[in-house]
Structures are given as structure tokens and as C-alpha cells.
Amino acid sequence: MLKVAFNIALFSYLGASIGYFGNLLYRKRWVSVATTSLMGLGLVAHTALMGIRSSQTGHGPYTTAFEIAMFFSWIIVVVYILTELKFKIQDLGAFVIPLVFLILLYSAFLSREVVTQETGSVLWMTLHRTLSILGYGAFAIAFAAALMYLIQENQVKSKKLGMMYFRMPSLEVLDKLLDRVIAFGFPLFTLGFVSGSIWNTKVKHDFFSWNLEKTWPLIVVWGVYGVVYFGRMTVGIRGKKAAQGAILGFVLIIVAYFIHV
Amino acid sequence: MAESNLIMVGVNHKTTPVEIRECLAFTGNKMEDSIERLVSFPEIVEHIILSTCNRVEIYARVRNHDEGIFFLKKFIADYHGLPLDELDRYFYCYRDFQAVEHLFRVSASLDSMVLGEPQILGQVKDAYSQARTLRATGLVLNQLFEKAFMVAKKVREQTGIAERGVSISSAAVELARKIFEDLESHSVMLVGTGEMAELAAKHLISYGVKTVYVASRTFERAASLATRLNGCALDFETFKEDLHKADIIITSTAAPKFIIHKDVVEAAIQKRKNRPMFFIDIAVPRDVEPEVNGLENVYLYDIDDLQAVVDANIKEREKEAEEAMQIIQREVTKFNNWITSLDAVPTIVELRNRAEAIRRQELERTLKKLSHLSEEEKNALHQMTSAIINKILHKPTINLKRKAQSQEGPHYLKVIRHLFHLDD
Numbered sequence: 227m228l229k230v231a232f233n234i235a236l237f238s239y240l241g242a243s244i245g246y247f248g249n250l251l252y253r254k255r256w257v258s259v260a261t262t263s264l265m266g267l268g269l270v271a272h273t274a275l276m277g278i279r280s281s282q283t284g285h286g287p288y289t290t291a292f293e294i295a296m297f298f299s300w301i302i303v304v305v306y307i308l309t310e311l312k313f314k315i316q317d318l319g320a321f322v323i324p325l326v327f328l329i330l331l332y333s334a335f336l337s338r339e340v341v342t343q344e345t346g347s348v349l350w351m352t353l354h355r356t357l358s359i360l361g362y363g364a365f366a367i368a369f370a371a372a373l374m375y376l377i378q379e380n381q382v383k384s385k386k387l388g389m390m391y392f393r394m395p396s397l398e399v400l401d402k403l404l405d406r407v408i409a410f411g412f413p414l415f416t417l418g419f420v421s422g423s424i425w426n427t428k429v430k431h432d433f434f435s436w437n438l439e440k441t442w443p444l445i446v447v448w449g450v451y452g453v454v455y456f457g458r459m460t461v462g463i464r465g466k467k468a469a470q471g472a473i474l475g476f477v478l479i480i481v482a483y484f485i486h487v
Numbered sequence: 037m038a039e040s041n042l043i044m045v046g047v048n049h050k051t052t053p054v055e056i057r058e059c060l061a062f063t064g065n066k067m068e069d070s071i072e073r074l075v076s077f078p079e080i081v082e083h084i085i086l087s088t089c090n091r092v093e094i095y096a097r098v099r100n101h102d103e104g105i106f107f108l109k110k111f112i113a114d115y116h117g118l119p120l121d122e123l124d125r126y127f128y129c130y131r132d133f134q135a136v137e138h139l140f141r142v143s144a145s146l147d148s149m150v151l152g153e154p155q156i157l158g159q160v161k162d163a164y165s166q167a168r169t170l171r172a173t174g175l176v177l178n179q180l181f182e183k184a185f186m187v188a189k190k191v192r193e194q195t196g197i198a199e200r201g202v203s204i205s206s207a208a209v210e211l212a213r214k215i216f217e218d219l220e221s222h223s224v225m226l227v228g229t230g231e232m233a234e235l236a237a238k239h240l241i242s243y244g245v246k247t248v249y250v251a252s253r254t255f256e257r258a259a260s261l262a263t264r265l266n267g268c269a270l271d272f273e274t275f276k277e278d279l280h281k282a283d284i285i286i287t288s289t290a291a292p293k294f295i296i297h298k299d300v301v302e303a304a305i306q307k308r309k310n311r312p313m314f315f316i317d318i319a320v321p322r323d324v325e326p327e328v329n330g331l332e333n334v335y336l337y338d339i340d341d342l343q344a345v346v347d348a349n350i351k352e353r354e355k356e357a358e359e360a361m362q363i364i365q366r367e368v369t370k371f372n373n374w375i376t377s378l379d380a381v382p383t384i385v386e387l388r389n390r391a392e393a394i395r396r397q398e399l400e401r402t403l404k405k406l407s408h409l410s411e412e413e414k415n416a417l418h419q420m421t422s423a424i425i426n427k428i429l430h431k432p433t434i435n436l437k438r439k440a441q442s443q444e445g446p447h448y449l450k451v452i453r454h455l456f457h458l459d460d
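These protein sequences, in sequence, are chains F and X. Each step along the first sequence adds one to the number in the working numbering, with nothing skipped, and position 218 is 444. Each step along the second sequence adds one to the number in the working numbering, with nothing skipped, and position 356 is 392.
The set of hints was computed from the structure by calculation and includes no laboratory data. Each hint should be verified, as a subset may be incorrect.
Derived CB-CB ranges, DEER-like [as the list claims (entries may be wrong)]:
#1 347(X) to 280(F): 18 to 28 Å
#2 154(X) to 413(F): 46 to 56 Å
#3 402(F) to 343(X): 25 to 35 Å
#4 456(F) to 278(X): 53 to 63 Å
#5 278(X) to 402(F): 19 to 29 Å
Only part of the chain X face toward chain F is listed, based on derived beta-carbon distances under 8 Å [unchecked claim]:
#6 200
#7 216
#8 333
Owing to the predicted nature of the structure, the values given are computational and were not obtained by experimental measurement. Cβ atoms here follow ideal geometry from the backbone N, Cα and C, with glycine treated the same way.
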């Protein structure tokens, strides 16, 4: 069952990724409809996948690397769908869904061994992981918006107006989108960070017993998004700089994932 | 094939110089008058006159192709008092499916001077409705033109034929809208009062720009343009201090050297906390130092850049036109099928008339011998014989209509006419 749901989700996202790109380049109604249907199918299978896994392990899907990758990609899909509904930018999917596909594909190679939940405060741990992953989900969307911004910006700046120039939204819309998702993700990520420290304190009975080797990339990530988030209002970090920040931040998240988990 | 003898005779901007075209135009009263005249000629079954500044075309359904074409050419020449011998070389003529294809291309703006321009469809619609009001059209042309409007809409929706701006000012507006989404909350500053700058500003205003500043070396000119654009005039000596207030700056002064330098823009963008600025420099020699484009969040397009964008857009429209032709060709085939199915109608009518005549003849003969029958019984016989005829002819009628749309259509019609002796 787990395998079936996993494969349906994986291949739906692969199909949807191709569909989003096809639609970005060729704008065909039927491609758009097919892509949306694949996304629906993928999300249903993905949700079922997490349900099946949780019933097998008896706890939420955020203990092993496999579960975290699965949960993380699910959150990206959910945040993406909400963003698409709000901003009506379907082309964003061409940059987000391939990422989802890659994360899920990567998780296919991870161990599916069932690990019992760690001891300590279950509440704080659940809070920490849920908030953090929601924050990461928003940052993934910001990453995609930033990629689109840089592509569009480069076209306008270099005066080489290709197909993408006409299809993609304006710089203002992309910059606004970037701002909104970071404004959504940053507080969640911060709270996730705080709840993580509290959980750690409860387990080790010492607030300052952080494993710095494991947590330093996260501190850098927090710093980068903090600069992007607060920099806009104060010193005018917007446009290209903000986009570059969002990309740097996300690359660091990927690095942190391998060190932290 | 009398049902579908379509022809088109006309001149356009490609075949005919403007001096001739303007003489041949059916403008104002001439249009109504000529439609009414053509209605009175028995050679012309239906017709529509399309007269714009780039073309004069008459679409018609006629009894005979060659005679119809000659007649229309002569009509156009005579009507405008010009000798046909001299005009003849300018005319182009199409028949049947070629005429259909030509109309579809014209309506979809593939035959226009500026590919994809939107006015032509409206002009074709007007021509059609005027002809229709004066009862110059019938079954075939009504169907043809309704179809043409549908095809034009399809082409517009399914190809990028009208997507990209093909004039300097529309390309500039498009760029502005790719930098700033909605122009309503943005402002424009004109430095210099050139005609093209004014045009671009008006274009931007039509897209919602509310705040307009105008600076010119002569303040009076700035003031008068500012009044026209509902904006505010700035002193030329100090306009640079207000540069940061503008999102879009259009320069068009006659200054021999750059008047806006990198350091000024750099200061402005800092004041704006990096909110983007878009410079449109349509002055020759240029007004804005090219290095300005190197600043982050600043975009500078000069007249050559914009021209390059326009050229690329025109090329793109040409590419889209090829795709549009495929849509058109599919629709031409469909329309032809419909029109050939009309050819089956007279045969079907004749076939039914023949059968009905035989039925009546035979019934009369029989009833004479059965004089003792009551009225009721006679009626019953009438009904029964009618029902037999209808049932026998029902399937052949349907099949004939269907087959008439295929390539075998003419063959089928011939066989039916032969088998039932319809041509005797």
C-alpha cells in the first residue's frame, strides 16, 4: 500500500512538473487542466502515503529522514496550492513541483525502517517539527519565486525578451510574492527554532547544551531570512538582492538538512 | 453547383497604391447606394462589400464564376467612373474555397499591414451588418461571415498573433507592465516634450498611470503639455531633484549631450529604497547615460533597444501567423463540407417531388376504380401511401446529405440522378 501510494504521488508530480513547463512554454488549455488533475491525484496519494506511514509507525511522519522528506514535500505542495489560489500564478508550479518531485525521489532511496519516537516532550517536539517544516515549505515557494524573478529580471535587464518574458508575471508581482511567502515563513521558522530549543532543554535539562555542529547552518539560515525579511522595510532590500537572499537561504536549508537530520 | 458559386474581387494595400485605393473606396452614402444597386442585379445572388483604408473587396455568390468576376470588376470601375482596362491589373480574384480562405485570413488579421491588428475584424463585422440590413446577404454569405468571426476569435485566442506590441510606444508600455504590474499606482515623468514621448505617455495613462510630471527647457511647453496630460510641470533646472518621485521616466530632449547621469540616478534609487525605475530614452542623441542600465533595479531602454524589441515582436507575430494558417485551413475545409452538402438539397427535393408525383398519379388511378369508398377510407389510403414514400426515402435522404460533404459527394449525386431519371 505504502509503495503504491508513493509511486502514484511520485509519478503524478513528475507528470505535473512536465505539464507546468509545457504550459509555461506553449500555453495549452488541455495541458493546464491535465496538470491540475495530476496535482490533485499527487496530493491525494501523498496524503494517503503519510496516513499509511503514520499508522505503521504509530506517530507523526517526522522521525526518520524518510518521513521528514515525505512530510516536507507534502507541506511544499500544500503551501504551493494555497499560493497558486491566492496569487493565480500557475507558472510558479514549473519551479516548485520539480523540487517536490526531487525530494520525494530522493526519499525513495532512504531507509524505511520504523523508529520509535524519541523520549522527551512529545508536545514540544511535534510543535518544533511542524512549525519548522511549515517555514521550510514557505521558503521553498520563496525559492521558486526568486528563481522566476531572476529569470525575468535578467531578460528585462539584458533586453533579450524571450518566450518566458511574455509568459511570466511582472517583476513587481514576483517581488511581492517573494515578500509575502517570506513574511509567512519567517515567523513560523523562528517559532519552530524556539520550540526546538525548548524541547532540547527539556530533554537535556540545559538550554545551552545545543549541538553547535548540528545547528550552526540553521542559525545562518535564520540570519539570511532575517536580513531579507527586515531589510526590505529598513534599507530597501528588494528585487534582485531579496531574490538572491531567498535562493541562498534555501540552498543552506538543503545543506542543513543533511547535517541536522 | 449553383448553390455555392462564391467569388471575391478586390484590391488591397499589397496590390494597389493608395492613390488608386482611395478612388475605389465605398465610403458614406456610396456604400448604401452600391449595395442597393448590386441587390437589383440578378447575376448577384448575395453580396457583401468590405471597404477600409487598406482594402476594397466584394464577396458574392453568383450564378456563374467568370461572368460574376467580370461583372464585379466592371461594377467597381464604372461606379467610380474609372476605365476597367487601367484598373484590371490591380484586382485579385478568388473563387469558392480560395475566397473562403481569403475572408478568414482577412478577418483574422493575417492579411493586414500590421499583422494581428485588431481593427479589421470590427470593419468586417460592420460591412456584414450593413449588407444584412439592406438584405444583400442570404444563407451562404451569412454562414460564411459568421464563421469568419468565429475563426478570427479562435485565432486570437489560440495563437499569439496579437500578443506582442509592434509599435515603439506599445513595446514601451509592455515593458513598463513587466516591471510594474499595475500602472495605476505608478508615476511617469516626461523630460522633453517630443511627440513620441507624448504618445508613449498617453499610452501609459490609458493603462492607469495617474501621476504625470513634465519638465522642459522652455517652461511654457512643459506647462501646456502638463495641462493636456493632467499632470504637473517641473522646472528644468531642478527636475533632477524630483527624479526619485517618478517610476517611469521618458526623455526626449534635443540636448546634444547626456542630461541624466549615473550618479543622479544612483542618488534617486537610494532615496526610493531600491524601488525600480524604468527609463525610456527616445531622444537622439540620447539623454540618459547608458551606464545607468548597470545600476541595480534600474532599467534603461533607448530608441534602438525598443526598435529591436518591436522587430523581434513582428517576427514572433509572423511565426504565430503560420500557426493561425493551420487553424484557418481546418475551418476552410469544414466550411467547404457544409457548402457542398448544400448541393444535395436540390437533388433531394427533386427526388421527393418525383416520388410524390408518382404516388398521386397511381392513387388517383386506383381511387377511380374504387368509387364506392367513403371519404374516410380514401384518406386512409392517402396517409398510407405517403407513409410508404417517406419511409422508403428517409434513409437515402440522410445518407445523401452526409455523403454530399465527402469527396464522393458529386459521384453520389450523379448516381442518384441517373438511377431515378431526375435529369430527364
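These are the hints, each one checked on the structure:
no.	hint	in the structure
1	347(X) to 280(F): 18 to 28 Å	violated, 59 Å
2	154(X) to 413(F): 46 to 56 Å	holds, 48 Å
3	402(F) to 343(X): 25 to 35 Å	holds, 31 Å
4	456(F) to 278(X): 53 to 63 Å	violated, 29 Å
5	278(X) to 402(F): 19 to 29 Å	holds, 26 Å
6	200	holds, 7 Å
7	216	holds, 5 Å
8	333	holds, 5 Å
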